[in-house]
Amino acid sequence: MVNFTCPKCGAALPVKPGTQLAVCSYCGTPSYIDRREAIFFYILPFSITEEAARAIFKRWTAGPSCPKDMEATAEITALKKEYFPVFRFRRTVNGKEKITSKPARGTLLPGMHTIDIPPGDMIIFDSNSKTGGAEILHPDIAIDSYIGELEGETIDQSLVYFPIYELKYRYGGTEYDMVIDGSSGKISITNSPKRSSVSYVAVMALAFVLGFIGTLLGFLITPVFFLLIIAGIFAGKILAHKVVKKPEGGNA
Amino acid sequence: MSIVLQPLKCSSCAAPLKSKERDRMLICEHCGSTSLFADGKTSPVEFAIVKPTVEEKDSLWYVPFWVVNTDVIVHHERISGGGISRAVTGQKQMRGVRDFYICAADEIPEEYARVWNMELTINQPEFTTIPEFKNGGRMVMTMDKETAKNNAEFIFLRYEAEIPGTLLELDYDFIVKSTKVLYLPAYKTTNNYQLGI
Amino acid sequence: MSQTSKIIVSLTCPNCGGQVHSEEGETLVLCKYCNSVFSLTTDEGIRKIMYRLDVTRKKAETNFYEWLKEGPKAKDLEKKAQISEAYPIYLPFWRLVGRGKACVCGIEIQKGDKDEPDRRIPHESLVNREYIYSDIACDPGDLGIAAIRIPEHAEAVEFDDESIVTFGVTESRDDAYTEGSEQIKRQAIADGKRSMDEVHFSKAFFFEKAFSLVYYPFWIIRYTFEDRAYFAVLDGITSQIISGRAPGNAGSQSTAAALGGTLSGAVLAAFIFFGFALGALEAIAILFAFGLIAAAGIIGFAYKRFRYGDEILEGAMKGKGLKRGKKQQCLETNYENTYDMFN
Chain L
1 MVNFTCPKCG AALPVKPGTQ LAVCSYCGTP SYIDRREAIF FYILPFSITE EAARAIFKRW
61 TAGPSCPKDM EATAEITALK KEYFPVFRFR RTVNGKEKIT SKPARGTLLP GMHTIDIPPG
121 DMIIFDSNSK TGGAEILHPD IAIDSYIGEL EGETIDQSLV YFPIYELKYR YGGTEYDMVI
181 DGSSGKISIT NSPKRSSVSY VAVMALAFVL GFIGTLLGFL ITPVFFLLII AGIFAGKILA
241 HKVVKKPEGG NA
Chain G
1 MSIVLQPLKC SSCAAPLKSK ERDRMLICEH CGSTSLFADG KTSPVEFAIV KPTVEEKDSL
61 WYVPFWVVNT DVIVHHERIS GGGISRAVTG QKQMRGVRDF YICAADEIPE EYARVWNMEL
121 TINQPEFTTI PEFKNGGRMV MTMDKETAKN NAEFIFLRYE AEIPGTLLEL DYDFIVKSTK
181 VLYLPAYKTT NNYQLGI
Chain B
1 MSQTSKIIVS LTCPNCGGQV HSEEGETLVL CKYCNSVFSL TTDEGIRKIM YRLDVTRKKA
61 ETNFYEWLKE GPKAKDLEKK AQISEAYPIY LPFWRLVGRG KACVCGIEIQ KGDKDEPDRR
121 IPHESLVNRE YIYSDIACDP GDLGIAAIRI PEHAEAVEFD DESIVTFGVT ESRDDAYTEG
181 SEQIKRQAIA DGKRSMDEVH FSKAFFFEKA FSLVYYPFWI IRYTFEDRAY FAVLDGITSQ
241 IISGRAPGNA GSQSTAAALG GTLSGAVLAA FIFFGFALGA LEAIAILFAF GLIAAAGIIG
301 FAYKRFRYGD EILEGAMKGK GLKRGKKQQC LETNYENTYD MFN
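First to last, the protein sequences are chains L, G and B. Numbering of the first sequence is given in my numbering, commencing with residue 1 and proceeding in unit increments. Numbering of the second sequence is given in my numbering, commencing with residue 1 and proceeding in unit increments. Numbering of the third sequence is given in my numbering, commencing with residue 1 and proceeding in unit increments.
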């Protein structure tokens, strides 16, 4: 951590993210901060509790992309509250400002390579920072290994610790990984169980065929066949209900 | 890069410049020459002041204009209809070397500026110039040269579209030869502006 | 449009030692004591503006409960949902205001009747409008917000990041500017194109009026339903729902499947029957085509509600679910002081 002091009165200067001017809170002197050489450390607080992370997972399992028995049968096997380190580079490339983020730690976690720092109130990270029981994952990639391959001139660079929940769950005998961003609740996954659309298509196709035949025969032969339309609606409703209904805890 | 206040110096005699208004045209108190502020620097600039030919009681202001001298070369143009009407009315073609007038003061509302720009550019008026801002104030100049060039090109396109006949195809070069600053007299009432020429 | 309250940077005049004030974004700086003129260089050349949070917690919660009742959401959601947290946040947006001017010319093709050839009508147009571009300046994560529309009565105040929870800017200023000015130019050409089918010439210019970083307030309401976590985001000034997630209604899903499937079949059959009843080959073909389009429309609508209706996604949310509500577009037109011409 780099510490800045007011050049006039010597008091500590807190430097906010993205600013180049810092005003001393004691004597009011504004100072210019040269940000090129230093690395700034920031931390984003958790706004999602552990309990909320579990509930977000539960919501996701009940959503349309997951198999319908997943909410009832999927089991969270591990949930870790962590701070993941990311380098953020602000550089001038051909006279234009470019912002790039790179992971500061080797990882196989979902979503950590196409990293974007989630929305959050970036605060300065120092020894007083509260981590709320989260484990801090320390960088194992040197910043220099990225600087060589980046274009342009440095404006500033920072290491941002951002809050994640690393979650493992078991469904159908297989274990899967997931990351929930602890700031906005965004879910990142690489692979996950999928819900098949076959039964949905089948139900609608059946209703369609009944409606089609009922109408055509009703016009061509006898209006009695119009009853097939009503049969289609009822059959469709009953079968669709079976498709939609969750094994237990459904909201039907 | 750092946050720096760089004192601006006269581009001719290097004396520090003074001004009460945030004007791109800065007049040196020391030698009287004018410098133009652009991209953090000052450079020498030529300008002329036009003598009012209309007398009004309202307050007189000298409004800055960018005069963009341009060679318009149309390689290919196709127009549908309007050909006869163009010939009959003797509609002027906006071709070859001419001056485009672009009002450079933010204070003049768009509704006035766009009419003035077009009229002056079409009519290419002749002026008598005067050596100083006589009986009137100098309006603050806010527009930079690049914006003026783009505005000039749009005026050309606006003219091509507004005259009779429907433009079908157009291939042209818009070559800016020089730019200069001209102050034109205008009378200002509460919510009205009128050119004094 | 003129609610651009300006932030002032104070510096010391190197000439007389007096306080020099500069609006952020201005490069020409004057000292009002000694009239000295300076050029200011910094890469912080952007105005920051913020809007005051107008909506109270009570008002936000009332609107939130109203929203729970709308659309095919879970039965009794407004009774069973429990708010776990409600808090205001400020999100940063890049906002670019400027004039887009374009000249477009081309041809409109009108299909001729049976024997006549198509008519080719030449058009030319000039567009001169003010456009407003906005784009979120940080990754919105799971919040489902892409752009803002600032309401007329909204009051801009000087930016003060001490007092509020502000989300950090993580998108580049220059990228936003380039994207904004290019979108405005494209839009000016698209506005000029109007009824043209072929464009033979087009050229657009962008003239900047203001570029600023706007901090805009929102309420975030997190709630649970059957132990699942959902949320909604409300505009902190108008209290409208911007985005959110909500549980769907299984009853409405199955109804959509039953009605949609049967009706689409019936509609197609009816169109075919009436086509044959009219006899002419052309009539059969036309009615069959209409029947197919109508049936496909109904199926598409119903299938989405059936298959993805487990979760309702409001606003600009990404992912699977039944999408509802309006997504705020990045680009808006200010129709005051437009000078267009269409021929």
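Hints in this document: simulated from the structure, not taken from any laboratory. Incorrect hints may appear among the rest.
Stated by the list, open to error - Some chain B residues close to chain L (C-beta under 8 Å, calculated; not the full set):
| id | residue |
| --- | --- |
| 1 | T56 |
| 2 | L143 |
| 3 | F211 |
| 4 | T255 |
| 5 | A258 |
| 6 | S264 |
To be verified - The calculated lysine-lysine pairs, modelled on DSS-like cross-linking and capped at a C-alpha distance of 25 Å, are:
| id | chain 1 | residue 1 | chain 2 | residue 2 |
| --- | --- | --- | --- | --- |
| 7 | B | K32 | G | K20 |
| 8 | G | K145 | G | K41 |
| 9 | G | K9 | G | K20 |
| 10 | L | K58 | B | K75 |
| 11 | G | K41 | B | K75 |
Beta carbons are placed, not taken as given, at the ideal position from N, Cα and C, and that holds for glycine.
To see whether the hints hold, each was checked on the structure:
no.	hint	result
1	T56	violated (21 Å)
2	L143	holds (5 Å)
3	F211	violated (13 Å)
4	T255	holds (6 Å)
5	A258	holds (3 Å)
6	S264	holds (6 Å)
7	K32/B - K20/G	holds (7 Å)
8	K145/G - K41/G	holds (13 Å)
9	K9/G - K20/G	holds (15 Å)
10	K58/L - K75/B	holds (19 Å)
11	K41/G - K75/B	violated (68 Å)
Hints 1, 3 and 11 from the earlier list are contradicted by this structure; the remaining hints agree with it.
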